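Generate the whole structure from the sequences, applying the supplied hints.
Protein chains: 2
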Amino acid sequence: MADCYSPVGVFDSGLGGLTVAREIIRQIPDERIVYFGDTARVPYGSKSKDTIIRYTDQILRFLDTQDVKAIVVACNTVSSYALEEVRDHVNVPIIGVVKPGARVAAATTVNRKIGILGTEGTVASGMYPRFIGELNPEIEVTQKACPLLCPLVEEGWWNNDVTFSVLHRYLEPIQASGADTLILGCTHYPLLRSAIREVMGEKVNLVNPAYETAIELRRLLTEKGLLYPESGENGKAEEKYRFFVSDDPERFCRFATSVLKFDIEKAEKVNIESF
Amino acid sequence: MADCYSPVGVFDSGLGGLTVAREIIRQIPDERIVYFGDTARVPYGSKSKDTIIRYTDQILRFLDTQDVKAIVVACNTVSSYALEEVRDHVNVPIIGVVKPGARVAAATTVNRKIGILGTEGTVASGMYPRFIGELNPEIEVTQKACPLLCPLVEEGWWNNDVTFSVLHRYLEPIQASGADTLILGCTHYPLLRSAIREVMGEKVNLVNPAYETAIELRRLLTEKGLLYPESGENGKAEEKYRFFVSDDPERFCRFATSVLKFDIEKAEKVNIESF
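Line by line, the protein sequences are chains A and B.
In our numbering, each residue carries its 1-based index in the first sequence increased by 373.
In our numbering, each residue carries its 1-based index in the second sequence increased by 373.
Note that these hints are calculated values from the structure, not bench results.
The reader is advised that the hints may include incorrect statements.
Given that identical chains are not distinguished, each listed pair holds provided it fits within a single copy or across any two copies.
[To be verified] 30 Å max Cα-Cα, derived DSSO-like pairs, lysine-lysine: (1) Lys576 with Lys634; (2) Lys639 with Lys517; (3) Lys422 with Lys642; (4) Lys642 with Lys517; (5) Lys422 with Lys634.
Owing to the predicted nature of the structure, the values given are computational and were not obtained by experimental measurement.
Written out as structure tokens, the structure is:
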């Protein structure tokens with residue numbers, strides 16, 4: 374039975390969810406985390422809703438074996454396509470990144486124009502516009518699917534001429550819309566933040582849903598009496614955080630180390646299809 | 374029991390193998406084809422050898438249910454990482470694209486310098502250099518992994534400013550090597566042929582392994598008495614060619630229609646993980 378000392382489960386289609394884990398670690402440093410990245414089947418962004426739901430159910434069954442006290446869906450595509458469908462399949466609280474991202478963007482925009490960058494799946498699901506519309510139906514939303522941004526981040530091209538020509542193309546409709554607020558609606562995109570900032574200019578607010586998601590996680594854990602007791606001590610990262618992937622742990626560790634800024638020396642491989 | 378009237382099985386991690394199917398259709402138009410694209414788990418290029426072998430075995434078990442008379446591995450990553458490992462798992466002849474590609478490149482180069490573009494997996498496997506070295510150890514090989522090219526093709530950006538900035542970066546070490554022959558070592562890359570030609574110039578030979586693979590398939594089928602009897606008639610494409618995918622048949626049909634130049638109206642979805 375999970376209690377406040379149990380870990381939080383965080384999962385993503387692959388590496389991108391590490392930007393969400395990073396934010397949780399920053400805001401609630403006492404929490405233990407079990408991270409799962411589905412690196413054998415990544416990316417999810419161009420796959421169908423049915424497939425995303427099937428994969429998500431397998432991951433939830435794996436996380437169940439890790440005795441997690443709550444689950445963070447650190448993937449916009451899964452949060453968009455699968456979260457509502459699978460919510461009843463788990464016995465612990467589960468939150469995604471889309472609703473928190475929509476909430477902070479709706480609270481931030483002054484001219485009531487919001488832009489959204491996301492995967493093909495996230496955009497096709499229409500969940501960001503739906504949540505924003507529920508908060509304020511007067512807000513105008515412009516979405517743009519950006520299938521090249523994840524491979525660009527994983528290639529390590531965060532700030533070169535290719536990055537900028539790709540961004541100029543993808544950001545054009547957002548700029549044309551006059552949006553004053555832009556949601557980075559895929560967990561890879563915060564890693565392109567400075568390049569996106571350069572193209573969009575200083576005046577546009579860039580929203581990273583991870584930030585608000587970590588706040589919501591803390592609120593939820595507090596409400597359920599599940600927040601890890603504050604220790605004032607940092608503890609060793611290798612004891613507090615455990616990483617699981619469905620493929621190529623070494624590659625994952627290299628990328629995770631570059632995102633999390635501490636050494637990730639070990640990730641365990643899981644045959645996720647068997648769950 | 375498969376005979377000469379049985380179909381040829383052609384498979385790929387997703388859509389790219391259609392360029393190989395296209396070449397088989399062009400060169401041996403009487404053959405029936407069963408195509409499988411693993412669109413639920415694409416891409417393979419950045420995944421590990423173990424995972425590629427596991428996925429390949431599942432696909433071979435599926436193709437076995439289709440009573441194929443021969444199998445073409447229309448994926449450079451699978452041909453590099455898995456072909457030798459799985460050859461004994463099937464009872465029909467099986468060929469890949471790497472050996473034919475290496476053979477034609479070795480026969481083409483005059484200055485004994487060959488360049489290779491491929492996925493991370495294909496490059497890491499070292500199979501192209503190995504096969505080329507077996508044919509002529511004096512040939513100097515320069516490889517370059519190009520993880521952004523597949524997403525670029527699938528985004529439909531075959532010829533814009535992004536295509537050219539990406540190609541300039543990837544082709545730089547090939548140009549520096551002085552290679553007079555360049556293998557397009559991933560089945561997506563022939564779709565970027567004209568852009569690659571523009572960057573590399575007219576003097577470099579671009580090798581599409583699909584061409585030589587179709588020749589080898591014909592030779593193999595003839596040798597085994599399995600070549601489909603020449604009819605002189607074309608037959609209806611929808612009767613001769615069947616398409617199977619693990620995800621999103623509609624998306625596959627759109628892309629296949631653009632590659633094959635005839636209407637692909639139907640692809641069937643297969644739960645490949647169950648094989």
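For Lys576 and Lys634, with the copy left unspecified, which applies at a CA distance of at most 30 Å: within, between, both, or neither? The answer is within: 29 Å in one copy meets 30 Å, while 47 Å across copies does not.
Should Lys422 paired with Lys634 be assigned to within, between, both, or neither, using CA atoms and 30 Å as the limit? between (34 Å within a copy, 28 Å between copies)
If the cut is 30 Å between Cα atoms, do Lys639 and Lys517 qualify within a copy, between copies, both or neither? between (36 Å within a copy, 28 Å between copies)
Within, between, both or neither, where Lys642 and Lys517 count as close if Cα-Cα is 30 Å or less: Only across copies: Lys642 and Lys517 sit 28 Å apart there, 34 Å inside one copy, limit 30 Å.
Same-copy or cross-copy closeness of Lys422 to Lys642 [CA-CA at most 30 Å]: both (25 Å within a copy, 14 Å between copies)
Of the numbered hints listed earlier, not one is contradicted by the structure.
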